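Student: Position chain B relative to chain A; hints supplied.
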Amino acid sequence: MEYVSSDTNVWIDFSIIGCLELPFLLPYTYIMNSDAIEDELLSPSVLRDDLLGHGLVGVEITIEEFNLAEKYGKQYLRLSKYDRIALAIAKARGICLLTGDGALRKAAMREKVKTIGTIGIFDQLMAGNYITEHEYKFYLQQLLKHNGREIRLPKSEINLRLQRLK
Amino acid sequence: MFSKNLKYYRLKKGMTKKELANRVDISSMAISNYENGKRKPDMELMKKIAAVLGVRVSDFLTVRNEKLVFCHGEFRKNSSLSIAQQEYVKESVEEYFNRFMTIVEILGGDVLPDAPSVSILPLTGNIEQDGRSLRKHLSLALDGPISNLIEILENKGILIYVCKIDNDKFSGMSGTVNGRPYIVINENMSPERNRSTIVHELSHLMFKWPDDMIDSKTEELATAISGAFLFPKTDAIRELGIHRTVIAKDMSLVAQEYGISMYMLVKRAKLSGIITVSLEKEFYICAAKAGWKKNEPSRIEKEVPSLFEQLVYRAINENDISMQRGAELLKIPYDEVVSRCCFSEVQ
Numbered sequence: 001m002e003y004v005s006s007d008t009n010v011w012i013d014f015s016i017i018g019c020l021e022l023p024f025l026l027p028y029t030y031i032m033n034s035d036a037i038e039d040e041l042l043s044p045s046v047l048r049d050d051l052l053g054h055g056l057v058g059v060e061i062t063i064e065e066f067n068l069a070e071k072y073g074k075q076y077l078r079l080s081k082y083d084r085i086a087l088a089i090a091k092a093r094g095i096c097l098l099t100g101d102g103a104l105r106k107a108a109m110r111e112k113v114k115t116i117g118t119i120g121i122f123d124q125l126m127a128g129n130y131i132t133e134h135e136y137k138f139y140l141q142q143l144l145k146h147n148g149r150e151i152r153l154p155k156s157e158i159n160l161r162l163q164r165l166k
Numbered sequence: 001m002f003s004k005n006l007k008y009y010r011l012k013k014g015m016t017k018k019e020l021a022n023r024v025d026i027s028s029m030a031i032s033n034y035e036n037g038k039r040k041p042d043m044e045l046m047k048k049i050a051a052v053l054g055v056r057v058s059d060f061l062t063v064r065n066e067k068l069v070f071c072h073g074e075f076r077k078n079s080s081l082s083i084a085q086q087e088y089v090k091e092s093v094e095e096y097f098n099r100f101m102t103i104v105e106i107l108g109g110d111v112l113p114d115a116p117s118v119s120i121l122p123l124t125g126n127i128e129q130d131g132r133s134l135r136k137h138l139s140l141a142l143d144g145p146i147s148n149l150i151e152i153l154e155n156k157g158i159l160i161y162v163c164k165i166d167n168d169k170f171s172g173m174s175g176t177v178n179g180r181p182y183i184v185i186n187e188n189m190s191p192e193r194n195r196s197t198i199v200h201e202l203s204h205l206m207f208k209w210p211d212d213m214i215d216s217k218t219e220e221l222a223t224a225i226s227g228a229f230l231f232p233k234t235d236a237i238r239e240l241g242i243h244r245t246v247i248a249k250d251m252s253l254v255a256q257e258y259g260i261s262m263y264m265l266v267k268r269a270k271l272s273g274i275i276t277v278s279l280e281k282e283f284y285i286c287a288a289k290a291g292w293k294k295n296e297p298s299r300i301e302k303e304v305p306s307l308f309e310q311l312v313y314r315a316i317n318e319n320d321i322s323m324q325r326g327a328e329l330l331k332i333p334y335d336e337v338v339s340r341c342c343f344s345e346v347q
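Protein sequence lines, in the order shown, are assigned to chains A and B.
Under this note's numbering, the first residue of the first sequence carries the number 1, and numbering increases by one thereafter.
Under this note's numbering, the first residue of the second sequence carries the number 1, and numbering increases by one thereafter.
There could be a bad hint or two in this list.
Pairs of lysine to aspartate or glutamate residues, derived as DMTMM-like cross-links and limited to a Cα-Cα distance of at most 25 Å, are as follows [unchecked claim]:
#1 B:Lys12 - A:Glu157
#2 B:Lys4 - B:Asp114
#3 B:Lys40 - A:Glu64
#4 B:Lys4 - A:Glu60
#5 A:Lys71 - B:Glu220
#6 B:Lys4 - B:Glu44
#7 A:Lys74 - B:Glu66
#8 B:Lys47 - B:Asp59
#9 B:Lys38 - B:Glu19
#10 A:Lys71 - B:Glu35
#11 B:Lys48 - B:Glu87
#12 A:Lys74 - B:Glu95
#13 A:Lys112 - B:Asp320
#14 B:Lys169 - B:Glu220
#15 B:Lys249 - B:Glu282
#16 A:Lys155 - B:Asp320
#17 A:Lys155 - B:Glu318
#18 B:Lys267 - B:Glu128
#19 A:Lys114 - B:Asp320
#20 A:Lys145 - B:Glu44
#21 A:Lys91 - B:Asp166
Beyond 12 Å from chain A on every Cβ pair, some chain B residues (computed) [said to hold, decoys possible]:
#22 Phe2
#23 Thr102
#24 Gln310
Calculated from the structure, these hints are not laboratory results.
Bear in mind the structure is a predicted one, so any value in this text is a computation, not a measurement.
From the three backbone atoms N, C-alpha and C, an ideal C-beta is built for every residue, glycine too.
One chain only, chain A, in its complex shape (with noise of 0.2 Å):
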């Protein structure tokens, strides 16, 4: 099993539109550090035992993540605390890092840590035939839906895959 490093608002995307479970389908080990698993002052707070009962896996961090975290924090203002030690995480560890928040993503890419996305999960549960056309349509058409709130993707990428499957 591949180890991704998971931030804490991706999980939110799966969480509005109902699909929790769907990306523990795929062979991966979602990793997030153990504080902002237990910290309800930043997740919402039902995804946390949820999380846990589809498999997440808390984790601490090094002294060496500590330090990375720390200096990210003077490089990505936009960053949260728990954004820079997932961050620090898979580029510690060398592995992915699956975010939903652009400024996270951005800041992996400078950082050369290869990301996944929402879109990107879908796209892999549908290669992976863990989901059907019809289910990968259905659940676009509900990112689309409710873009724009809790939910910040980009449109544009979802449309063009919706219009693949026309």
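Tutor: For chain B alone, coordinates are given in the frame of chain A:
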């Protein structure tokens, strides 16, 4: 970043370096070295320290902007706050304005109005004139009540921070952050007391105070200017009359209108020649018996700063930051940020 956060959380917990050191089996010197950034503990020790302080390791990662230059006002020599409490107030101020200035920087830096110049007004020896010159300096009407004082000051580029500190002896302090004036008030004080403290601190900031003036005289004068600013003599005479023989109920309505305590109103009435010294004393005795010295009933709504929140929500709604980052900056739960993002107000 770690060093400043460690000091902040230690002081917040009310622990000395020695106490913290003893709890985690290291020397006080080691704590000093961590707090001044000379050394950093390993992860095991960091976890122990976090546990003793009741925080998470990730809390030590809160961003501290090294470009911020603070110039804090001095506490009075006979301040009733302990040195540790004074340090805590200063660290709290720095922690808050780090978050504040972070959002300002994210939004491009040009979101705050230019603040009025500090240490510029001459003291005239006449508090009524000083009160007027302070109003004039802030481009306010020279008389009349000033409601929404905090909102007015924020719109003039003066930053206000409401500090949570369990000490009723601390009313406020002031200083500058990158040259911009800030004022701190105690959350536990009454709204009227907060307002008079704000103007008291404004006086400290805006007037040129002689170096050789003793602390008690400076404080007395700043308080007197605060009274003249909030309830000018012309207003006092117009509202109360030239001469009054009793302290009557109608006066509390005037106090409410001007957002001041009855203590301040009576003091101003005496200074304006409206009531006699004996009537003033009579009031103080009655008020003290009624417990007003510590807890005078408040007649106005609490004023709270809103600029920081406005800026954070603006950044969230413009996709400059995530809701999680907004929640982190405001130190409120994620769900509250979501509920207060006004996406559907006009939809």
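Student: Indicate, hint by hint, whether the structure satisfies it.
Tutor: So, going through the hints one by one against the coordinates:
About 47 Å separates the Cα atoms of Lys12 (chain B) and Glu157 (chain A), which puts this hinted pair outside 25 Å; it is violated. At roughly 29 Å between alpha-carbon atoms, Lys4 (chain B) and Asp114 (chain B) are farther apart than 25 Å, so this suggested pair is violated. Proposed proximity of Lys40 (chain B) and Glu64 (chain A) is supported: the alpha carbons are some 12 Å apart, at most 25 Å. Among the hinted pairs, Lys4 (chain B) with Glu60 (chain A) is consistent with the structure: their alpha-carbon atoms are about 22 Å apart, no more than 25 Å.
At roughly 47 Å between alpha-carbon atoms, Lys71 (chain A) and Glu220 (chain B) are farther apart than 25 Å, so this suggested pair is violated. For the hint linking Lys4 (chain B) to Glu44 (chain B), the alpha-carbon distance of about 19 Å falls within 25 Å, and the restraint holds. Our distance criterion of 25 Å between C-alpha atoms is met by Lys74 (chain A) and Glu66 (chain B), whose separation comes to about 9 Å. Our distance criterion of 25 Å between C-alpha atoms is met by Lys47 (chain B) and Asp59 (chain B), whose separation comes to about 11 Å.
For the suggested pair Lys38 (chain B) and Glu19 (chain B), the alpha carbons sit about 20 Å apart, so the restraint of at most 25 Å is met. Proposed proximity of Lys71 (chain A) and Glu35 (chain B) is supported: the alpha carbons are some 17 Å apart, at most 25 Å. Straight-line distance between C-alpha atoms of Lys48 (chain B) and Glu87 (chain B) comes to about 23 Å, which keeps the hinted pair within the 25 Å bound. For the hint pairing Lys74 (chain A) with Glu95 (chain B), the CA-to-CA distance comes to about 15 Å; that is within 25 Å, so the pair holds.
Proximity of Lys112 (chain A) to Asp320 (chain B) is assessed by CA-CA distance (about 22 Å); at most 25 Å being required, the pair is judged to hold. For the hint pairing Lys169 (chain B) with Glu220 (chain B), the CA-to-CA distance comes to about 16 Å; that is within 25 Å, so the pair holds. The suggested pairing of Lys249 (chain B) with Glu282 (chain B) holds, with an alpha-carbon distance near 15 Å, which does not exceed 25 Å. Straight-line distance between C-alpha atoms of Lys155 (chain A) and Asp320 (chain B) comes to about 17 Å, which keeps the hinted pair within the 25 Å bound.
Between the alpha carbons of Lys155 (chain A) and Glu318 (chain B) the distance comes to roughly 16 Å, so the proposed pair stays at or under 25 Å and holds. Note on Lys267 (chain B) and Glu128 (chain B): the hinted pairing holds, with a Cα-Cα distance of about 13 Å set against a maximum of 25 Å. At most 25 Å may separate the alpha-carbon atoms for a hinted pair to count; Lys114 (chain A) and Asp320 (chain B) meet this at roughly 22 Å. Of the pairs offered as hints, the one joining Lys145 (chain A) and Glu44 (chain B) is violated, with about 46 Å between alpha carbons and a cut-off of 25 Å exceeded.
Proposed proximity of Lys91 (chain A) and Asp166 (chain B) is contradicted: the alpha carbons are some 42 Å apart, above 25 Å. Separation of Phe2 (chain B) from chain A is inadequate, the least Cβ-Cβ distance of about 6 Å not exceeding the 12 Å criterion. Taking the minimum C-beta to C-beta distance to chain A, about 6 Å, the non-interface status of Thr102 (chain B) is violated against the 12 Å cut. No Cβ of chain A comes within 12 Å of the Cβ of Gln310 (chain B); the nearest lies about 18 Å off, and the non-interface call holds.
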